[in-house]
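Peer 1: Chains as they are written, first to last, in numbering that gives the first Met the number 0: chain A, 0 to 412; chain B, 0 to 296.
Check before you lean on any hint, since a few could be wrong.
Stated by the list, open to error - Interface residues of chain B toward chain A, partial, derived using beta-carbon atoms under 7 Å:
1. Gln-13
2. Asp-17
3. Ala-122
4. Asp-123
5. Val-126
6. Pro-144
7. Phe-217
8. Thr-218
9. Tyr-222
10. Pro-226
11. Asp-261
12. Tyr-262
13. Thr-266
14. Ile-270
As the list claims (entries may be wrong) - Listed next, with one range per pair, are the computed distances between beta-carbon atoms:
15. B/Leu-111 <-> A/Asn-360: 45 to 55 Å
16. A/Pro-405 <-> B/Glu-267: 24 to 34 Å
17. B/Gly-84 <-> A/Gln-102: 35 to 45 Å
18. B/Ile-100 <-> A/Asn-360: 51 to 61 Å
19. B/Phe-80 <-> A/Lys-362: 54 to 64 Å
20. A/Gly-90 <-> B/Val-278: 51 to 61 Å
21. B/Gly-84 <-> A/Pro-405: 46 to 56 Å
Simulated from the structure, these hints should not be mistaken for laboratory data. These numbers come from a predicted model, not from an experiment. Note that CB positions come from ideal geometry on N, CA and C, so glycine has one too.
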Amino acid sequence: MKKVYRYLVTFVSVIVLTIVSTTVSFSKVVGDKIILGAAVSLTGKYSSNGVHTQNGYNLAVERINSMGGVKVGGKNYKFEIIYYDDESNSGRAAQLAERLIKQDGVQFMLGPYSSGLTKAMAPVTEKYGIPMVEANGASRSLFTKGYKYLFAVLAPANLYLDVAITTAVELNGGKPVKIAMAFEQDAFSQDVRLGILDAAERTGSKIIIDDKLPKELNDMAATLSKVKATKPDVLVVSGHTKGALTAIRQISEMKVDVPMLAMTHCDAAKLSKQHGKAAEYALCASQWHKSLSYKDKYFGGGMKYAADFNSMFGYEPPYQAAESSAALLVYKDAFERANSFDTTKVRDALAATDMQTFYGNIKFAEGGQNVSKPMVLFQVICDDSGKCENKVVAPLKWASAELVHPIPSWSKR
Amino acid sequence: MDFLIFQAPMLMVQASMDGILLGILFALIAYGMALQWGVMNIINIAQGELVIMGGYIAYFMYLAGIHPAFGIIVSPIVMYFVGWGLYKLVINKVVDRDLFISILATFGISILAQQLMNFAFGADVVVAVSNFGTTMLFDNMVTLPNAKIFSGAVCIMSAIILVIYMKKSKLGRAIRATAQNARAAKILGVDTEKVYAATFGLNAALCGIAGACIAITFTLHPYTGLPYTVRSFMIVIIAGLGNLPAVAISGMGLGIFEEWADYLLGTEFRIAAVFSLLVLILVYRRFKLARKREYLK
Chain A
0 MKKVYRYLVT FVSVIVLTIV STTVSFSKVV GDKIILGAAV SLTGKYSSNG
50 VHTQNGYNLA VERINSMGGV KVGGKNYKFE IIYYDDESNS GRAAQLAERL
100 IKQDGVQFML GPYSSGLTKA MAPVTEKYGI PMVEANGASR SLFTKGYKYL
150 FAVLAPANLY LDVAITTAVE LNGGKPVKIA MAFEQDAFSQ DVRLGILDAA
200 ERTGSKIIID DKLPKELNDM AATLSKVKAT KPDVLVVSGH TKGALTAIRQ
250 ISEMKVDVPM LAMTHCDAAK LSKQHGKAAE YALCASQWHK SLSYKDKYFG
300 GGMKYAADFN SMFGYEPPYQ AAESSAALLV YKDAFERANS FDTTKVRDAL
350 AATDMQTFYG NIKFAEGGQN VSKPMVLFQV ICDDSGKCEN KVVAPLKWAS
400 AELVHPIPSW SKR
Chain B
0 MDFLIFQAPM LMVQASMDGI LLGILFALIA YGMALQWGVM NIINIAQGEL
50 VIMGGYIAYF MYLAGIHPAF GIIVSPIVMY FVGWGLYKLV INKVVDRDLF
100 ISILATFGIS ILAQQLMNFA FGADVVVAVS NFGTTMLFDN MVTLPNAKIF
150 SGAVCIMSAI ILVIYMKKSK LGRAIRATAQ NARAAKILGV DTEKVYAATF
200 GLNAALCGIA GACIAITFTL HPYTGLPYTV RSFMIVIIAG LGNLPAVAIS
250 GMGLGIFEEW ADYLLGTEFR IAAVFSLLVL ILVYRRFKLA RKREYLK
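Same shape as in the complex, but just chain A (with noise of 0.2 Å):
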């Protein structure tokens, strides 16, 4: 009797468990709901990155669903947004992305932070044709790889530095410069330089140091070392947050003089707060900055963005936020093309968009990075009180600023 009991529940337990395993599954659109899925890093070492996102993507929904949210068919629907801790880890990504699709039946889904964790969700997006709009993913190999499914509505890894080569080809009198890099390890960084390298071969610039930074390294002693020795025009760093402090603290410690200096990451490093008057004259690359004048009818303009965020978050939006919001836009607009939630036509409407948001033009090449939207350089430029702001000099139709070029040497600061 009692084996009959226990082969009974076992039986029992079997088909619950099937049950609830296959009817979990929440369609993508419930109600009058959009379901988008989103992992994103919430805690490990992209953590402050990945709040801007999250912050960037949940302005954006209460805005679009405030306003009226999304028309499809004749009915108004809203976002909401399933979210998941990747844990800053490529493999948990992953593992999230299976689950919102296979679990909770997302079918339209936001990008991670970082270009290493949207590398690790593509494949899976792509296996089962779920649209993915990333705003966090800029490096190249990302869009080489005959992906159908991804968008992003940054420009890519590879344009970031590129303006500072021309700027600085520019001010020489069109003649070739001399260039000294030195960029860190990883996939997004050596994109930059291979996009350094595509522009010193059009200007016919000549590098001088090609310095490849290991990514443990907080240390560039020896790099300014070859800088000092060598003199370049141009000096480009790119590792991150940390190579962007690490090469200001250097630079300022070591007195190195040079003429233009180039970076990524300086608004993610709060660079001029944390190494104030060290920091002047460096030159940024950005996404995007609240002083441009590219506008839209959900956030207006980026001035208007910038003050909408901080009352809400309370801190000034880093363009890591914008470009999470301008995600969302991007995705309004393509439910509302298609007219539809099938995702094949939401693909093939996210591929047909052509719209400007207030984070600037967005229009997806074939690989499916944005192409219509140029980086800015913005350069950090301090008054008499030692107070530090961040003012847009290239390219020259929005520029807030004049480039200060060359930068002072040491002796006269």
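Given chain A, put chain B in place with the hints provided.
Peer 2: For chain B alone, kept in the frame of chain A given last:
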């Protein structure tokens, strides 16, 4: 590029000085590691995390408006108790067990410490600004940040104080006795449990000093502890246990070698060069030992 050494020979002096100052810092961390390895037979994988923790103490002082250089006093005091607490919580359970168990345990501590620091202090890379200025030598060709010179001096001072303490004080004597033979020391009335706790605390305090120096010379991030663990481990392997001058020399030697490799070969070869040197040294040692063994036969 290839002839940098002839173009600006003075910069080799720069590279050497940078290397020495870097090496001294690593040597101090390595000394802490050698100390507790020698006494307790524990390889502490969480060494780097203790360093970073010490750095954050200096950083928070800086945020509170106190000059971060005072971190070299506050940080070791706080870290001593952190180390002592860690010993009482975890390490005392693994201290007389297999080396492998202690590696696992400290590896666990290191992961936990990383996550906790990330949770408590945030994932931003931070720096503490000392405003110490720069020393210019040889017609401004060689520039040495005073913050680095300061850290170097602090590390040397603390190492010297520690050596004297180990020689003269009662606790120092007890530590040395325990290192030689824990059982014999116990029989002769040394409270080895206390000695172990103090040793682990001392190690953490040394890490605290090094961390405070790193806060004003380099950058801090919860996940950047590992390079310090690896580097100090390497220095200890080369220098051997319980040999402070050797630790200092191998630390500085590696520092110089590293900067030169970077300067002459390129940054991408920097770490490869250091590790190749390690392999060479180990192979050379093996041959030397093998020859000695033949002798004995």
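Peer 1: Taking the hints in turn, state whether each one holds.
Peer 2: Evaluated hints:
no., hint, result
1, Gln-13, "5 Å, holds"
2, Asp-17, "4 Å, holds"
3, Ala-122, "4 Å, holds"
4, Asp-123, "5 Å, holds"
5, Val-126, "5 Å, holds"
6, Pro-144, "4 Å, holds"
7, Phe-217, "5 Å, holds"
8, Thr-218, "5 Å, holds"
9, Tyr-222, "5 Å, holds"
10, Pro-226, "4 Å, holds"
11, Asp-261, "4 Å, holds"
12, Tyr-262, "5 Å, holds"
13, Thr-266, "4 Å, holds"
14, Ile-270, "5 Å, holds"
15, B/Leu-111 <-> A/Asn-360: 45 to 55 Å, "47 Å, holds"
16, A/Pro-405 <-> B/Glu-267: 24 to 34 Å, "29 Å, holds"
17, B/Gly-84 <-> A/Gln-102: 35 to 45 Å, "42 Å, holds"
18, B/Ile-100 <-> A/Asn-360: 51 to 61 Å, "60 Å, holds"
19, B/Phe-80 <-> A/Lys-362: 54 to 64 Å, "59 Å, holds"
20, A/Gly-90 <-> B/Val-278: 51 to 61 Å, "31 Å, violated"
21, B/Gly-84 <-> A/Pro-405: 46 to 56 Å, "54 Å, holds"
When each numbered hint is compared with the structure, a violation occurs for hint 20 only.
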